[in-house]
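Visitor: Quick note, the sequences are listed as chains B and X, same order.
Every letter in the first sequence is one number past the one before it in this note's numbering, and letter 81, counting from 1, is 81.
Every letter in the second sequence is one number past the one before it in this note's numbering, and letter 175, counting from 1, is 175.
Each hint should be verified, as a subset may be incorrect.
Stated by the list, open to error - Here are the simulated SDA-like cross-link-like pairs (lysine to any residue), alpha carbons at most 25 Å apart as the crow flies:
| hint | chain 1 | residue 1 | chain 2 | residue 2 |
| --- | --- | --- | --- | --- |
| 1 | B | Lys-314 | B | Val-347 |
| 2 | X | Lys-552 | B | Gly-326 |
| 3 | X | Lys-522 | B | Thr-189 |
| 4 | X | Lys-572 | X | Gln-585 |
| 5 | B | Lys-358 | B | Glu-230 |
| 6 | B | Lys-84 | B | Thr-189 |
| 7 | X | Lys-552 | B | Gly-328 |
| 8 | X | Lys-572 | B | Glu-230 |
| 9 | X | Lys-561 | B | Pro-207 |
| 10 | X | Lys-567 | B | Lys-84 |
I should point out that these hints are in silico values taken from the structure, not numbers from a laboratory.
Treat the numbers as computed from the prediction; the structure is a model and nothing was measured.
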Amino acid sequence: MGLYIHIPFCKQACHYCNFHFTTSDRYQEQMVGAIVKELYLQKDYLEGRSLESIYFGGGTPSVLSEKYLADIMEAIYQWFTVEKDAEITLEANPDDLTEEKLRFLKDTGINRLSIGVQSFRAEDLSLMNRAHTREEAILSLDRAFEVGFQDISLDLIYGIPTSTDAHWLENMEMALRFPIHHLSAYALTIEPKTALAHFIRQGKYPPVDEAMATRQFEMLMDFAQAKGWEHYEISNFALAGKIARHNTAYWQGKAYLGIGPSAHSFNIQSRQWNIANNQTYMKEIEKGCVPAEKEFLDVVTRYNEYVMTGLRTKWGCSLGHIRAYGAGFETFFRKEMRAKIQEGLVVENGTTYTLTQKGKHFADKVASDLMMV
Amino acid sequence: MENIRNFCIIAHIDHGKSTLADRMLETTSTIGARDMQDQALDNMDLERERGITIKSHAIQMTHQKDGQTYVFNLIDTPGHVDFSYEVSRSIGACEGALLLVDAAQGIQAQTISNLYLAIEQDLEIIPIINKVDMPSAQVEDVTDQIVDLLGCDPSDILLASGKTGLGVPEILDAVVDRIPEPEGDPNEPLQAMIFDSVFNPYRGVIAYVRIFNGTLKKGDRVRFVNTGKDYVAEEIGFLKMDLVPQSMISAGDVGYVITGVKESKEIKVGDTITLSENPCSEVVKGFEDVKPMVFAGIYPIENEHFEDLRDSLEKLQLNDASLTFEPETSMALGFGFRCGFLGMLHLEIIQERLSREFDQEVITTVPNVSYFAYTTNGDKIDVHTPNDLPEPTKLDKVEEPYIRAAIITKPEYIGKILNLCIEKRGVMKNQNYLSTSRVELLFEMPLGEIVFDFYDRLKSISRGYASFDYHMIDFRASDLVKMDILLNSEPVDALSALVHRSKADYLGRKICKRLKELLPRKQFAIAIQASIGAKIIARETISALRKDVTAKCYGGDISRKRKLLEKQKKGKKKMRQIGNVDVPQKTFLQVLKFDD
Chain B
1 MGLYIHIPFC KQACHYCNFH FTTSDRYQEQ MVGAIVKELY LQKDYLEGRS
51 LESIYFGGGT PSVLSEKYLA DIMEAIYQWF TVEKDAEITL EANPDDLTEE
101 KLRFLKDTGI NRLSIGVQSF RAEDLSLMNR AHTREEAILS LDRAFEVGFQ
151 DISLDLIYGI PTSTDAHWLE NMEMALRFPI HHLSAYALTI EPKTALAHFI
201 RQGKYPPVDE AMATRQFEML MDFAQAKGWE HYEISNFALA GKIARHNTAY
251 WQGKAYLGIG PSAHSFNIQS RQWNIANNQT YMKEIEKGCV PAEKEFLDVV
301 TRYNEYVMTG LRTKWGCSLG HIRAYGAGFE TFFRKEMRAK IQEGLVVENG
351 TTYTLTQKGK HFADKVASDL MMV
Chain X
1 MENIRNFCII AHIDHGKSTL ADRMLETTST IGARDMQDQA LDNMDLERER
51 GITIKSHAIQ MTHQKDGQTY VFNLIDTPGH VDFSYEVSRS IGACEGALLL
101 VDAAQGIQAQ TISNLYLAIE QDLEIIPIIN KVDMPSAQVE DVTDQIVDLL
151 GCDPSDILLA SGKTGLGVPE ILDAVVDRIP EPEGDPNEPL QAMIFDSVFN
201 PYRGVIAYVR IFNGTLKKGD RVRFVNTGKD YVAEEIGFLK MDLVPQSMIS
251 AGDVGYVITG VKESKEIKVG DTITLSENPC SEVVKGFEDV KPMVFAGIYP
301 IENEHFEDLR DSLEKLQLND ASLTFEPETS MALGFGFRCG FLGMLHLEII
351 QERLSREFDQ EVITTVPNVS YFAYTTNGDK IDVHTPNDLP EPTKLDKVEE
401 PYIRAAIITK PEYIGKILNL CIEKRGVMKN QNYLSTSRVE LLFEMPLGEI
451 VFDFYDRLKS ISRGYASFDY HMIDFRASDL VKMDILLNSE PVDALSALVH
501 RSKADYLGRK ICKRLKELLP RKQFAIAIQA SIGAKIIARE TISALRKDVT
551 AKCYGGDISR KRKLLEKQKK GKKKMRQIGN VDVPQKTFLQ VLKFDD
């Protein structure tokens, strides 16, 4: 089972980000108190099953002071059984990763870092309003390996309006100079109501060039393949055996518990998500309630989710799995799939269906067409 | 007869006609407060929701005054421009009218044109200012408008609130005192007018009638003069909350007649009913065989639902005889129907009723009005679809319908409205100030221009402060061309339109641009072209869709993302594939709605 902890604090706001966070750090103590309490309130959500993975996301969990992180870890170990070889990841920004911080993280039990480098180019970092510099990015990676972290994942963003294909290639090559085993690469997405969307509307930056993003995704897939990396999820690449266990559980439909404001939980029958408002979240938790909305998943919804998440991974969708939802689903799925295979978007391999390299550019469209509504 | 009062209510949409009618029904104990579903006269869901009385109805109530019992027949009138003929017939069945004006909004275009209809037919008008309890009520200003319009004394105007019931007893008394009793002679040959009809699945068509002269007895053989058909009056009676059968009804009465007619087409509003044996010498004046003026193709989204669609249209036609339809075939859309409507609102209502009452999702093609085409060898052709237009070489001339349009607005919008109407080939005929803050503009313009993006623009340029009414005047010669739209070089007949030559280039560019916004991208580029004959007059290109993939999809995103993709799929199910292009259901109606 997986446990997700949402830390809704950031030093500064990245211009493209629409996740739930605040740049104010006034009430960190109170928030950590609430998270600790929610861990207790939700201790039975996973019905006593042990944790195979823990993931600190955000926000920026690396802004948390040592004491607060230790408090949360302590609560986790108090109320949950953590497997011995559990994957314990923390998302970190390069500028937070001092040697002292890294040592502390390691001592606290974090055994995997996901470092938000995004780009090694100053212009890109400035467009995105990242808090770190190219030098800090390099330094933080070097330090992390020195301190002894072995599982390090690096985040990159492509399709940035200020960069070219050549810049993107440099970024990818730069990333692989470090002995990393995992890489997440995302196309820059202009989410509505973000600063970046606003600046593009104002003409301060050029709009995102879809053709460029497509080319760079293609470059990425070719590059990864040439270097022997496995493209195991649309945005994720790993060297053999080093897939992110926590995130993979999401895509494989395994149960997980999310703690903190805006965090989502899933227990096969239902999904629920905490309110995305820090003050309300803390107030409710203090009263002993978990302020969450809940959605029960009927069989059609579960099928739709399986198709959507399955297709994004190298494991694809299997007929055996689909048959389990009912005979009608298999007939429908096969019928819709035929057209996708003909269009060269999907490949059929025995009883599993996976996206082709071309199909990976259209993962949403293929998934949508296969959904039952 | 001296104790009968027949009257209607003339009001603009939302000025509170239905609510006032409800209060009158309550006050006269025609309907118990407990049974009261708000707005009892509007019995279609859609009407209640839109607040528009689409089909007129009638109801009888009794009122006591000075020890006497009076019988009131309140005849409801439809409240929209497309139904002006039906309004004129309802008015023709009455001796008086309550002119209801909203205290905050003042007199509107439709109120005036309906009022003129009533004055023309010598109705006694009782002016009422409604909603006087609203904080925004401007009773004095509205009083001035009414005095100007009617030349009445300010003291003749009653103040009311349908919401609180204020003024309702006074209105009921005024109906007795001011509206004349019906004239007519029960011993003359029967002369009755049909002012409305409804379809009942068990009884057939029920005609609502006003008897002007003579007496109708149950079992009489009756003749419908304009259709020339004879029937037996199987049941006759009064219209209360339910039908109340009677053995006879006579001059001055409002009631119903059931003849076993199964098709509403056979019963025409405005027709005269008389006795087959002893017919009246004169028919009731004002009958018109109302013909649909706006035509559009209606197609099922899936071809296999063609028969279901026919079935649904037939059922709709049973209680809406003004709807016409005949099968047509489109290269782009397959089998469907060419439907005729009274106007654009009527079209929208039918489309919505198909969806709501019959669960039929349909595609409505670009609408057009009805034209006359004259060929070089002298034939006159009714043109209901762009494909009916003869080849240019065989075409002598085309005539298009013209309307007289009345717009009432605030003086500050005159300029913009004038520009809009001129752009729509309108000519201003008159300008009347109703008060310092309200002006009435009269235009003559082609009906075809109303179909293309008129209502929405009028509303937006006047910020909602313009009311509109029209009636048909004549057909005039016009220089029309057929404009085709091509998607990836394939003409899409369902998007063809008949347009005035002077506006073809402009419209072609606009339509191509609009289609670029409306059509979803595909994995290949889509060329959109507008052409007249072989000449391309406009072009746009939708670039190929290169990617459709979300970067991140983590725990928190799964529900949100799934819902988005499900929505995308639902949208796709409402699209129609034309060639290799997906065309959303609403495209054909939205393509003529331009934003600026």
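Visitor: Are the hints correct? Go through all of them and say.
Guide: To see whether the hints hold, each was checked on the structure:
Distance check on the hinted pair: Lys-314 of chain B and Val-347 of chain B sit about 11 Å apart at the alpha-carbon level, within 25 Å; holds. Between Lys-552 of chain X and Gly-326 of chain B, the direct Cα distance comes to roughly 30 Å. Violation of the 25 Å bound is thereby established for this hinted pair. Between the alpha carbons of Lys-522 of chain X and Thr-189 of chain B the distance comes to roughly 20 Å, so the proposed pair stays at or under 25 Å and holds. With a C-alpha separation of about 9 Å, the suggested pairing of Lys-572 of chain X with Gln-585 of chain X holds against the 25 Å cut-off.
For the proposed pair Lys-358 of chain B and Glu-230 of chain B, the alpha carbon gap of about 16 Å is at most 25 Å, so the pair holds. A threshold of 25 Å between alpha carbons decides the hint, and for Lys-84 of chain B with Thr-189 of chain B the separation of about 37 Å lies outside it, so the pair is violated. Between Lys-552 of chain X and Gly-328 of chain B, the direct Cα distance comes to roughly 30 Å. Violation of the 25 Å bound is thereby established for this hinted pair. Taken as a hint, the Lys-572 of chain X and Glu-230 of chain B pair is broken in the structure, with Cα atoms around 34 Å apart against an allowance of 25 Å.
Between Lys-561 of chain X and Pro-207 of chain B, the direct Cα distance comes to roughly 23 Å. Compliance with the 25 Å bound is thereby established for this hinted pair. Proximity of Lys-567 of chain X to Lys-84 of chain B is assessed by CA-CA distance (about 43 Å); at most 25 Å being required, the pair is judged violated.
Hint violations for this structure: numbers 2, 6, 7, 8, 10, all remaining hints satisfied.
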